[in-house]
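Here is how the chains run, residue by residue.
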Amino acid sequence: MRLLFIIVMLVIWFLAVTMIFIQSTRKTYPGFGAWTLGHFVMAAGFLLLSLRGIIPDWLSVLGGNTCFPLAIVFYLKGTYRFLNQAPMPLWWYGFPLASLIGCAYFHLITDSLVNRSLIIALVVAIPNWAVAWLIIRSERKDPSLFYPVVSAVMFINGLIILIRAVWILFIPDFDIMSEAPIQYIYFISVIIFQIACSISFITLNSERMERDLYASELELKNSIDRLHAALEEVKTLGGLLPICANCKKIRDDSGYWHQLEEYISTHSHAEFSHGTCPECARKLYPELF
Amino acid sequence: MRLLFIIVSVVTVLMALIMLFFKSTRKTYPGFTRWTWGACVMAAGFIFLILRGVINDYISILIVNTSFPLAVVWYLDGMREFLGLKRMAVTMYIFPLISLIGCSVFYFVSDNTAWRNFIMSAAVAVPNGVMAYLIFRHSPRRESAFYPIIGAVIFINGLLILIRSVWVLTLPEFNVMSESPVQIGYFIALILLQIAGTISFILLNSERLERELEQADARLKQTVEDLQKALFEVKTLGGLLPICANCKKIRDDSGYWHQLEAYISTHSHAEFSHGTCPECARKLYPELF
Chain Y
529 MRLLFIIVML VIWFLAVTMI FIQSTRKTYP GFGAWTLGHF VMAAGFLLLS LRGIIPDWLS
589 VLGGNTCFPL AIVFYLKGTY RFLNQAPMPL WWYGFPLASL IGCAYFHLIT DSLVNRSLII
649 ALVVAIPNWA VAWLIIRSER KDPSLFYPVV SAVMFINGLI ILIRAVWILF IPDFDIMSEA
709 PIQYIYFISV IIFQIACSIS FITLNSERME RDLYASELEL KNSIDRLHAA LEEVKTLGGL
769 LPICANCKKI RDDSGYWHQL EEYISTHSHA EFSHGTCPEC ARKLYPELF
Chain P
-1 MRLLFIIVSV VTVLMALIML FFKSTRKTYP GFTRWTWGAC VMAAGFIFLI LRGVINDYIS
59 ILIVNTSFPL AVVWYLDGMR EFLGLKRMAV TMYIFPLISL IGCSVFYFVS DNTAWRNFIM
119 SAAVAVPNGV MAYLIFRHSP RRESAFYPII GAVIFINGLL ILIRSVWVLT LPEFNVMSES
179 PVQIGYFIAL ILLQIAGTIS FILLNSERLE RELEQADARL KQTVEDLQKA LFEVKTLGGL
239 LPICANCKKI RDDSGYWHQL EAYISTHSHA EFSHGTCPEC ARKLYPELF
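In the order they appear, the protein sequences are chains Y and P.
Residue numbers for the first sequence follow the working numbering, so the first one is 529 and each next one is one higher.
Residue numbers for the second sequence follow the working numbering, so the first one is -1 and each next one is one higher.
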């Protein structure tokens, strides 16, 4: 059994290191940090669990049983942030606290593994389901199975620990190191769902990036369209305009001669106000000077 | 030992499912499909490995020893496609073929597990090494540790299996099911490397996505700037232009009177070619009519 614990622990440590690797080398969105932190807390919990019998029992029991719900609450915190929801209400931290107090009671005062399992299962399952709920409820434009499947992973993640806790109720003299089949099934499922869970977080991050990419491409297209439209509205006066040297009429492309003012006004935003320039005024109205 | 085999197999099957899920719901780049098929072949290999003893030995042995190198060769092919290199030469399929032939010889002619293991390992390690080399050689970005680490993971993957097979050759008697610490360590490492492999493929894909996103954003910024500049450069003729009703001179903002042609040419893209309109021609040169 210890071998299995060690494998679970190594897998989770490995996933935690992977999360750190991604966070330090890749673009990640808000919330990813809390997920990474959750992985480390989870890994620490499994470390304490696999040291059962080697370190003092109370440390392994209380440490492990606080770490697991705390890790899931961190997952929840990350999910709240990632999905741009309001910040996670602080009372969620009551779950690891309740687990600590409950397990302290059922370890130090009356030693009952079964009750401890039930408490830990509840405080782990509920935040997991909250994560699943947030994901399935989140606004999404992706019609694929992506979100439902990721949400289902989180839901099952919570469900398996609860199933195990209930199952254990029916096993007399259950011990954490016992080799009951449920233990194997459970811990192998833990491996599977931990991997699935990490990859879900990684994929959620990359799905967001994908959406950003599409949004950016769409925005690019829109800006180009908008600016093209703006350019088109600007009337530009260009080309070689044949002008009459004497009367200043302008000939258009179809050969008609237009009054200068009329032509320029049609082909640009300029309007004309007529007056007389001083030179012409002197010529035309010499009596005024 | 069977427990470890089961965990490795379950993890590998999970990895194949994750690859399939990712491929069907997310944006993937060329090469990802090959990786997915590789992961499926790998999973099939592990399924036949745990069926050892349940089905005919030779079926299990030959399929396992062919599918592992075939999977890695497909990973390699996918990597070439992903990195934009030309497709893998068909000669690379020699590796699964050699493994099949070699393992047939060391099963039907002289039954020797250690040599079978060595041949298969070499056929897996070489394509792995090539793949790691391609990543080092052709990685698009060198500043972060991302590509080197992915390359290292793939390299270690190949190295590990080779080291183990050499170790196995030195053993007087070897059984795949033997519970030595090296075996246990090796299979735990294999579990982690399987996970690492899949996550690497997903991350490579999402790194590409990230790069495209950055490019799209940069292009968006550039285009908007270019177009704004273009819009600014368009000389627009606008406002109310005071014009002399007689000589058609135009007064600018500072009060100077400009020759019409000069003013328009400076403030727009229009140039003038002087001529005489028919009316003025008749007036000015009546002798011509």
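Since the hints were derived computationally from the structure, they do not count as laboratory data.
In this text, a Cβ means the ideal position worked out from N, Cα and C, and glycines have one as well.
Misleading hints may appear alongside valid ones.
Coverage of chain Y stretches by chain P, computed from C-beta distances (three or more under 8 Å per stretch; other residues unrestricted) [stated by the list, open to error]:
{"hint": "1", "stretch": "533 to 542"}
{"hint": "2", "stretch": "576 to 587"}
{"hint": "3", "stretch": "597 to 605"}
{"hint": "4", "stretch": "714 to 723"}
{"hint": "5", "stretch": "733 to 742"}
{"hint": "6", "stretch": "747 to 753"}
{"hint": "7", "stretch": "791 to 804"}
In silico DSS-like pairs for lysine-lysine, Cα to Cα no more than 27 Å straight-line [as the list claims (entries may be wrong)]:
{"hint": "8", "chain 1": "Y", "residue 1": "Lys749", "chain 2": "Y", "residue 2": "Lys555"}
{"hint": "9", "chain 1": "P", "residue 1": "Lys25", "chain 2": "P", "residue 2": "Lys281"}
{"hint": "10", "chain 1": "P", "residue 1": "Lys84", "chain 2": "P", "residue 2": "Lys21"}
{"hint": "11", "chain 1": "P", "residue 1": "Lys281", "chain 2": "Y", "residue 2": "Lys749"}
{"hint": "12", "chain 1": "Y", "residue 1": "Lys811", "chain 2": "P", "residue 2": "Lys281"}
{"hint": "13", "chain 1": "Y", "residue 1": "Lys555", "chain 2": "P", "residue 2": "Lys25"}
{"hint": "14", "chain 1": "Y", "residue 1": "Lys749", "chain 2": "P", "residue 2": "Lys84"}
Comparing the hints with the structure gives:
1. Residues of the stretch 533 to 542 of chain Y lying with their CB closer than 8 Å to a CB of chain P number 5, which satisfies the three-residue condition for coverage.
2. Coverage of the stretch 576 to 587 of chain Y by chain P is violated [criterion: at least 3 residues with CB-CB distance below 8 Å; count 0].
3. Counting residues of the stretch 597 to 605 of chain Y whose beta carbon lies closer than 8 Å to any beta carbon of chain P gives 0, which falls short of the minimum of three for the stated coverage.
4. By the rule of at least three residues with a Cβ nearer than 8 Å to a Cβ of chain P, the coverage given for the stretch 714 to 723 of chain Y holds, with 4 such residues.
5. For the stretch 733 to 742 of chain Y, the proposed coverage by chain P is satisfied: 7 residues have a C-beta within less than 8 Å of a C-beta in that chain, meeting the threshold of three.
6. Coverage of a stretch by a chain is defined here by at least three residues with a beta carbon nearer than 8 Å to that chain's beta carbons; for the stretch 747 to 753 of chain Y and chain P the count is 4, and the condition holds.
7. Only residues whose C-beta sits within less than 8 Å of a C-beta in chain P count toward coverage, and the stretch 791 to 804 of chain Y has 10 of them, enough to reach three; the restraint holds.
8. For the hint linking Lys749 of chain Y to Lys555 of chain Y, the alpha-carbon distance of about 24 Å falls within 27 Å, and the restraint holds.
9. The hinted pair formed by Lys25 of chain P and Lys281 of chain P fails the criterion: a straight-line CA distance of about 76 Å is larger than 27 Å.
10. Under the criterion of a C-alpha separation no larger than 27 Å, the hint pairing Lys84 of chain P with Lys21 of chain P is consistent with the structure, at around 22 Å.
11. Between Lys281 of chain P and Lys749 of chain Y the CA atoms are separated by roughly 57 Å; this puts the pair beyond 27 Å, and the hint is violated.
12. Between Lys811 of chain Y and Lys281 of chain P the CA atoms are separated by roughly 21 Å; this keeps the pair inside 27 Å, and the hint holds.
13. A distance of roughly 17 Å separates the Cα atoms of Lys555 of chain Y and Lys25 of chain P; the hinted pair therefore holds under the 27 Å criterion.
14. In summary, the hint linking Lys749 of chain Y to Lys84 of chain P is not supported, as the alpha carbons are separated by about 32 Å, beyond the 27 Å threshold.
Checked against the numbered hints given earlier, the structure breaks hints 2, 3, 9, 11 and 14 and satisfies all the rest.
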